[in-house]
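**Q** Below are the chains, spelled out letter by letter.
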Amino acid sequence: MHIVEINHLTKTYGRSRGIEDLNLRIPEGNIFGFIGPNGAGKSTTIRILLNLIFPTSGSASIFGLDVVRDSKKIRSRTGYVPSDANLYGRMKVLEFLKLMAAFYSAENYDHRIRYLLDLFDLDPDRKIPELSMGNKKKVSIIQAMIHRPELLILDEPTSGLDPLIQSRFFELLYEENRQGTTIFFSSHTLSEVQAFCKTVAIVRDGTIVNVEEIASLRKKQLKKVRILFPVDKTIEDFDLGGIGPVESGTGKNLIFFYSGDINVLIGKMAGQEIEDLSIEEPSLEEIFLHYYK
Amino acid sequence: MNRILFQLELRRNARSLILWSVVIGLLVFFTMSFFRTVLQYQQQISGMIQLVPAAVIKMRGFANINDIFSIMGFYAANNLIYMMLLGSIYAIILSSNILLKEEYGKTAEYLMSRPITRSKIFISKLLLVCLNIVILNILVTLIGFIAIHVYKKGTFEIHPFLVISLYTLLLNLLFGALGFLISVMMKRARPVTSFCVGLVLVLYFLYSISRMSGVDGTFGYLSPFKWVNVDLLSPTYGVEMWRTAAFIGTITLLILLSGLIYRRKDILT
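Protein sequence lines, in the order shown, are assigned to chains A and B. Residue numbering for the first sequence follows our numbering, starting at 365 and increasing by one per position. Residue numbering for the second sequence follows our numbering, starting at 114 and increasing by one per position.
Worth flagging that the hints you see were computed from the coordinates, not collected in a lab. One thing to keep in mind: the hints can contain errors.
[Claimed, not checked] Keeping only pairs whose Cα atoms sit at most 25 Å apart, straight-line, the calculated SDA-like set for lysine to any residue is:
#1 A:Lys456 to B:Ala127
#2 A:Lys462 to B:Met114
#3 B:Lys219 to A:Arg433
#4 B:Lys219 to A:Glu644
#5 B:Lys233 to A:His552
#6 B:Lys219 to A:Leu592
#7 B:Lys233 to A:Phe418
[Said to hold, decoys possible] Here are a few chain A residues that sit away from chain B, every Cβ distance over 10 Å (derived from the structure):
#8 Ser425
#9 Asp448
#10 Ser504
#11 Ile638
By construction, the Cβ of each residue, glycine as well, lies at the ideal position given by its N, Cα and C atoms.
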């Protein structure tokens, strides 16, 4: 069963585009990455799912319920971490979390709140305006998880978190996922999504460019290679398979994208005199520029 | 209505309600304390008033020149500035921000990811605004009532006092409803306080001009201030059907329209 189903969804803001004819299915129990550059339409999609904004055309459903008509029912089973953590001021952390929890049901969430506060190493008695950005983000994450939602929608949840807390956060997400929570994870950091998600949808200019399993994405992993020679060379000299787009193909400095076997590349270079060599992960922008044209 | 949201707003707005009530209450009380002085210098003031164009007197809120020497005439003029004008400014600031501040403060993303319908959010905040306006009116009216008793000479009739207090409340509620409509019509969220205060002042100014003698004041009815009868000393003064209907009708219309727009509004950041 699909937890989220988006069909031909379009949202325009006046004349400017938000998303256009976007289609997406998120299987139950998945950890689903949603990745794309800023302004690609990630937040627009999420805001439609939460009924903060209304679709211009097309439809979307969560748990088989329409996001416009049954929004209240959907939200009682969903948790959402917005990209900016702007919490209600003039309140203590614990007060804010209890307030957020009170909207769900008469159930007592005190234990759950305490557990999450401990996990994130957060002082419940601190006043919200005094919190750092990272700590606000922690509060924002906790408020989305108190009621054990069946679907977690995370819009760039790791920004502002230090590496230790990030890894605790991912452990918590894995634990929730094992217990059945589907996770929809929006990000613009490819490495994060690669490390954490099972499936990834790549969004660009308001539409989904590709949906791939992370495992298959890894196989065609693209590297950016820079080689500096003492004398002029051309890239064709090396007879390499798996060369992607070439930024600089002749001269002392060769820069190109490579998706072939790394051992082959090293083998071909072994006999050469090289002044400098670097092999690095391409940035997401570069992948979009060169790979998903 | 959602009890949790209502209580949250009650707490968030308590401080400003207290502040406005105290300030307006004190202004009313202190201004009323000048009534004795006015009576004391009645002769001189009468002389002075002869020199002031009648139009200006009327603009200041007195129906007739000599009303200034009656406690109720004096109170009506005060009430016009303090409760009708300042109270309406309070009402419109409160109502125009109560939905919008969630949007420009970006807390809407938290509130609206809870299982609560837009209608319930709207109704809870609407009721809170009404409650605050009613509390402000009760407190200040009570202070006005006490001030009248302290400073009056001779008799005082309660009936016109209650009538003007009722219409003042309706006027404040109308501006509250107008604030809601303005805020839901904002596409991109940003504070609209100065625009709203400006609007109240413009409508007040329109009304003031329409009251000047020698002017055909019909255009003044564009301003809801004109819908309140401030001629407290008129023997026929009382509740009038058309005034009440105009207020209640307009308030209902503004609220219904605001609610409908809010239900389909895009919450942008």
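**Q** Given the hinted pair Lys219 of chain B and Glu644 of chain A, is their Cα-Cα distance within 25 Å?
**A** 38 Å, violated
**Q** Non-interface claim for Ile638 of chain A: all C-beta distances to chain B beyond 10 Å?
**A** Non-interface label stands for Ile638 of chain A: nearest chain B Cβ at 50 Å, farther than 10 Å.
**Q** Would the non-interface assignment of Asp448 of chain A survive a Cβ cutoff of 10 Å against chain B?
**A** 6 Å, violated
**Q** Under the criterion that the straight-line Cα-Cα distance not exceed 25 Å, is the pair Lys219 of chain B, Arg433 of chain A satisfied?
**A** Given pair Lys219 of chain B, Arg433 of chain A holds - Cα atoms ~23 Å apart, limit 25 Å.
**Q** Does the claim that Ser425 of chain A lies off the interface hold, with its Cβ farther than 10 Å from every Cβ of chain B?
**A** 17 Å, holds
**Q** Decide if the proposed pair is consistent with the structure: Lys456 of chain A and Ala127 of chain B, CA atoms, cutoff 25 Å inclusive.
**A** At roughly 18 Å apart (the allowed maximum being 25 Å), Ala127 of chain B and Lys456 of chain A satisfy the hint.
**Q** Given the proposed pairing of Lys462 of chain A with Met114 of chain B, does the C-alpha separation stay at or below 25 Å?
**A** 19 Å, holds
**Q** Straight-line Cα separation of Lys233 of chain B and His552 of chain A no greater than 25 Å?
**A** Cα-Cα ~35 Å, so violated.
**Q** Next pair to validate is Lys219 of chain B with Leu592 of chain A; report whether the Cα-Cα distance is within 25 Å.
**A** At roughly 49 Å apart (the allowed maximum being 25 Å), Leu592 of chain A and Lys219 of chain B break the hint.
**Q** Tell me if the straight-line CA distance from Lys233 of chain B to Phe418 of chain A falls inside 25 Å.
**A** Measuring from Cα to Cα gives roughly 18 Å; hence the hint holds.
**Q** Checking a non-interface call: every C-beta of chain B should be farther than 10 Å from the C-beta of Ser504 of chain A. Is that right?
**A** With a cut-off of 10 Å, Ser504 of chain A comes too close to chain B, as the shortest Cβ separation is near 8 Å.
Violated hints for the displayed structure, listed by number in ascending order: 4, 5, 6, 9, 10.
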